[in-house]
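Trainee: Here the protein sequences come in this chain order: A and B. Be aware that the first sequence starts at 1, since it is given in the numbering used here, and climbs by one per residue. Be aware that the second sequence starts at 1, since it is given in the numbering used here, and climbs by one per residue.
Incorrect hints may have been included.
One copy or two, it doesn't matter: identical chains are merged, so the pair holds either way.
[What the hints assert, rightly or not] 30 Å max Cα-Cα, derived BS3-like pairs, lysine-lysine:
1. Lys183 / Lys35
2. Lys236 / Lys147
3. Lys287 / Lys80
4. Lys35 / Lys145
5. Lys236 / Lys287
6. Lys114 / Lys80
7. Lys147 / Lys80
8. Lys236 / Lys138
9. Lys50 / Lys239
10. Lys80 / Lys29
11. Lys50 / Lys80
12. Lys80 / Lys17
13. Lys80 / Lys138
14. Lys50 / Lys183
15. Lys80 / Lys35
16. Lys114 / Lys147
17. Lys50 / Lys236
18. Lys239 / Lys29
19. Lys145 / Lys80
20. Lys183 / Lys239
21. Lys35 / Lys147
22. Lys236 / Lys145
Derived from the structure by calculation, the hints contain no laboratory data.
Number of protein chains: 2
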Amino acid sequence: MLEGYVLRCLSCGATYKPDPWLMRCPSCKGLLEPKLNDVEVSWEDFRGRKFGVWRYRELLPRVRYQVTMGEGGTPLIELKSNLFVKFEGANPTGSFKDRGMSVAISVAKEIGVKSVICASTGNTAASMSAYAARAGLKSFIVLPKGKVAKGKLAQASLHGATVVEISGSFDEALEAVIEASGKELGLYPLNSFNPWRLEGQKTLAYEISDELGVPDWVILPVGNAGNISALWKGFKELKSLGLIDRLPRLVGVQARGASPIVRAFREGRMEFFERPETVATAIRIGKPVNWPKALLALEESNGIATDVSDQEILEAQMMLGRMGIGVEPASAAPYAAYLNLLGREIGEDERVVLIATGHALKDPDIIPTPRPIEASSVEEAVEEIRRVIGRG
Amino acid sequence: MLEGYVLRCLSCGATYKPDPWLMRCPSCKGLLEPKLNDVEVSWEDFRGRKFGVWRYRELLPRVRYQVTMGEGGTPLIELKSNLFVKFEGANPTGSFKDRGMSVAISVAKEIGVKSVICASTGNTAASMSAYAARAGLKSFIVLPKGKVAKGKLAQASLHGATVVEISGSFDEALEAVIEASGKELGLYPLNSFNPWRLEGQKTLAYEISDELGVPDWVILPVGNAGNISALWKGFKELKSLGLIDRLPRLVGVQARGASPIVRAFREGRMEFFERPETVATAIRIGKPVNWPKALLALEESNGIATDVSDQEILEAQMMLGRMGIGVEPASAAPYAAYLNLLGREIGEDERVVLIATGHALKDPDIIPTPRPIEASSVEEAVEEIRRVIGRG
Chain A
1 MLEGYVLRCL
11 SCGATYKPDP
21 WLMRCPSCKG
31 LLEPKLNDVE
41 VSWEDFRGRK
51 FGVWRYRELL
61 PRVRYQVTMG
71 EGGTPLIELK
81 SNLFVKFEGA
91 NPTGSFKDRG
101 MSVAISVAKE
111 IGVKSVICAS
121 TGNTAASMSA
131 YAARAGLKSF
141 IVLPKGKVAK
151 GKLAQASLHG
161 ATVVEISGSF
171 DEALEAVIEA
181 SGKELGLYPL
191 NSFNPWRLEG
201 QKTLAYEISD
211 ELGVPDWVIL
221 PVGNAGNISA
231 LWKGFKELKS
241 LGLIDRLPRL
251 VGVQARGASP
261 IVRAFREGRM
271 EFFERPETVA
281 TAIRIGKPVN
291 WPKALLALEE
301 SNGIATDVSD
311 QEILEAQMML
321 GRMGIGVEPA
331 SAAPYAAYLN
341 LLGREIGEDE
351 RVVLIATGHA
361 LKDPDIIPTP
371 RPIEASSVEE
381 AVEEIRRVIG
391 RG
Chain B
1 MLEGYVLRCL
11 SCGATYKPDP
21 WLMRCPSCKG
31 LLEPKLNDVE
41 VSWEDFRGRK
51 FGVWRYRELL
61 PRVRYQVTMG
71 EGGTPLIELK
81 SNLFVKFEGA
91 NPTGSFKDRG
101 MSVAISVAKE
111 IGVKSVICAS
121 TGNTAASMSA
131 YAARAGLKSF
141 IVLPKGKVAK
151 GKLAQASLHG
161 ATVVEISGSF
171 DEALEAVIEA
181 SGKELGLYPL
191 NSFNPWRLEG
201 QKTLAYEISD
211 ELGVPDWVIL
221 PVGNAGNISA
231 LWKGFKELKS
241 LGLIDRLPRL
251 VGVQARGASP
261 IVRAFREGRM
271 EFFERPETVA
281 TAIRIGKPVN
291 WPKALLALEE
301 SNGIATDVSD
311 QEILEAQMML
321 GRMGIGVEPA
331 SAAPYAAYLN
341 LLGREIGEDE
351 RVVLIATGHA
361 LKDPDIIPTP
371 RPIEASSVEE
381 AVEEIRRVIG
391 RG
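Based on the provided sequences and hints, a complete structural model is requested.
Mentor: Shown next, in the form of structure tokens:
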């Protein structure tokens, strides 16, 4: 199934025969990256197929059975000339996580695991539990106690996940995932150190190139930094396959209160945020697992790491909403960053794609609902409507 | 823009030159249906285009500017051999309404309206306000007072709709829409008596035929009955264009507490439900506007109207969730009906498509969230997980 791949350690450069259970370099504990060898494809190979993750199956693990629900193939919406939004909220569970889960759970299914596990309160949990259900696997979600947001768990609950609440921090939840998972129990870990999730997520770069060509900039939110790593990997692969002839520059956006990667990018050394705080819960992460990959992607792409305030995020969310696009706060951060960078780092004539990672419905409580206009009769309602229209 | 169309009254048969402001037959007040004349297309004409509503643009109003956000092209998920779910929750605002709004608001934009209006508390309001925002139009939503569910309005609010709350019932809200709208004010009504919305919704039938061929049965929830009318119109058009050679049978499903069409189908006369009640809020409608079209579709397709209980709906929602598919309650009704009809009206070897109209995230509060397993340490969490896995 993983023929064509080699696992390479990003820290020490050692290479390994791919093994779905191998998550870290055995010698130095570095992050592992799957490398494709000896693959030849052309755009023509994909043409006849529906848009989506598995349209690019030659560049993914060769599984016998795809655990799929039509993930990917999301709308690329033109906001204005040269500005596009890739709307990942239109994925089956409402976020970009579905791309990675479709691939990683296909791998999990193929090697015969019985259960999957992750530490997450949000989009990862929703996506993992849905795809696990689709594959007929049990799923476990580990959470720090008292931080269980009922609404966020509705999806996980609907898809039958078992939720374990641990006294302690998110780090301890993650520790429990690492401790509990393993081959003996057939319990497969799906936090974003799992390299096969990122293989699915890289298809975001394929779709953008396929539909639009290579933009000058791609701007995306950075939490655990898996997506920026996967996106960059996708573009680099297309270039080395000869399917595109240049690379975009990346902008990684973090919320000011949870911006370790921005700080590391500026100051040259990583220091985690012990108490990350932001309204953009999907990127409220102080210790991003994939930070070395993210810094590498930013450096290699001649990119930028930048932060935005919570107020800028909420304003950008509202501005996107007023253009018809409903995203959760984290997904508005790229638009906020775009507005800051336009006319400075980003030229007016450059082509930009913003990645909107999750749907507005993921976090409806954050949206302020204004007081309605009241009317005591049909006539009064009609009058009020005419008055508002009259005001222009 | 509407060349190629004729408007035909479903009640008296009179035909009219298409006018976007004409919503009812001027002579008998009957529902109007746009008919395509003199169009010739083949599947080949659509082939090179991305899946979605506008892939079939030869069969839609010829607008200069498409108000689009990549609606349609939704996943067709195989549940088991011969059973598929068309997952409309993957539309931009999370429901099938986006298909119709994309087309109707393109029409509205083209004729130069400044504002749009509808009476709705749910998916229609969310979709209309998003597409109006995309088109740069003002939007108004009229609601019966005291029935404003805050969560349901989050999307409308994000997309900048003006909300008017009227003392009275939904019928009075609808009356206000009809009263207030008109050419003079440039205020375009978008409740489902607007025939151009249904032109967008018919693409559901096109996509199913395009991807799968013609199934034996299509099962869908029925509220205001616009969607079943549009679906049937879509299939009939394909047949008369020679693109398919047979028609499916339709099953219209209603919640028992809001099932006027089921009663009319069985007893031969329409009697509205004054106080419709069901957990499936998206189909909690007692006086379906499009009931004559729906009964015609059921009759012509040799179809079935059937009702399911709220308990069956919630069980079906949970069963779909356990297969990875997250839908709102109304969208689970077709699966509940399928389970009732299988082995009786529906044969085991017949091919069936269920229409899942809206996303689970539309109504997260309805999903029961079980109590999590508690653990006071990493070790205890690991132990608990192993215990659950051990239980099988």
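Trainee: Starting from the hint list further up, note which numbers the structure goes against and sort them upward.
Mentor: 2, 3, 4, 7, 8, 10, 12, 14, 15, 19, 20, 21 and 22
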